[in-house]
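Enquirer: Chain by chain, the residues run as shown.
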Amino acid sequence: GAVVSQHPSRVICKSGTSVKIECRSLDFQATTMFWYRQFPKQSLMLMATSNEGSKATYEQGVEKDKFLINHASLTLSTLTVTSAHPEDSSFYICSASTGRGIGETQYFGPGTRLLVL
Amino acid sequence: AQSVTQPDIHITVSEGASLELRCNYSYGATPYLFWYVQSPGQGLQLLLKYFSGDTLVQGIKGFEAEFKRSQSSFNLRKPSVHWSDAAEYFCAVGALGGGNKLTFGTGTQLKVEL
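Chains as they are written, first to last, in this note's numbering: chain A, 1 to 117; chain B, 118 to 231.
Source of the hints: derived by calculation from the structure; they are not laboratory data.
A hint or two may mislead.
Derived pair list, reagent style EDC-like, types lysine to aspartate or glutamate, alpha-carbon separation capped at 16 angstroms [said to hold, decoys possible]: (1) B:K185 - B:D202; (2) B:K218 - A:E59; (3) B:K178 - B:D202; (4) B:K166 - A:E104; (5) A:K41 - B:E181.
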């Protein structure tokens with residue numbers, strides 16, 4: 001149980017285009033979803049937290065107009081990288097949890113590798 | 118703000134040998150601590166977590182971790198490593214009032230020699 005999927009698994013796009021990444025909880029309802037960015041050989045950096053039906057909360061330094069997050073249902077959150085540039089190339093990972101309580105386990109998706117040419 | 122340090126970037130052990138991965142945290146109150154494993158092409162999988170109570174926590178795949186408040190550590194151990202344990206291991210800390218947000222360490226890459 002507690003499976004999270006991401007689509008696509010990898011995407012290559014031209015600079016200036018927008019890319020949408022989907023994160024789905026397959027067998028549970030995710031009240032909260034998180035979006036992370038992982039650079040090679042580095043840790044996961046939290047980008048934003050999204051709660052179903054409300055606006056996402058972005059971490060300091062993350063441009064909310066560039067990384068649009070939508071959490072329209074209890075099983076789906078999307079991250080749209082708008083006007084992507086080569087520096088946005090990275091590994092994007094989502095996670096989902098069933099609640100907002102302290103210590104709620106986060107279940108992670110397999111990640112999406114984005115390459116912007 | 119909380120932080121996590123994993124001092125070892127790479128560790129190589131022989132199959133069957135014991136393993137200890139180090140994790141030190143910085144947080145002003147009682148932390149909530151986690152160990153995750155990341156295998157290529159797969160999402161991070163929770164190995165174990167500590168909230169309170171017994172400071173020795175048992176997890177999946179034969180892993181355990183011990184919370185030592187005096188040393189601000191939460192080291193991960195396994196008595197006998199299997200080749201399939203080769204992966205990247207992340208320690209993370211969650212903060213009270215942090216909305217369930219996690220801060221991750223930089224990870225330790227484990228290589229298992231046959």
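Enquirer: Please list, smallest to largest, the hint numbers that this structure does not respect.
Expert: Per hint list: 1, 5 violated.
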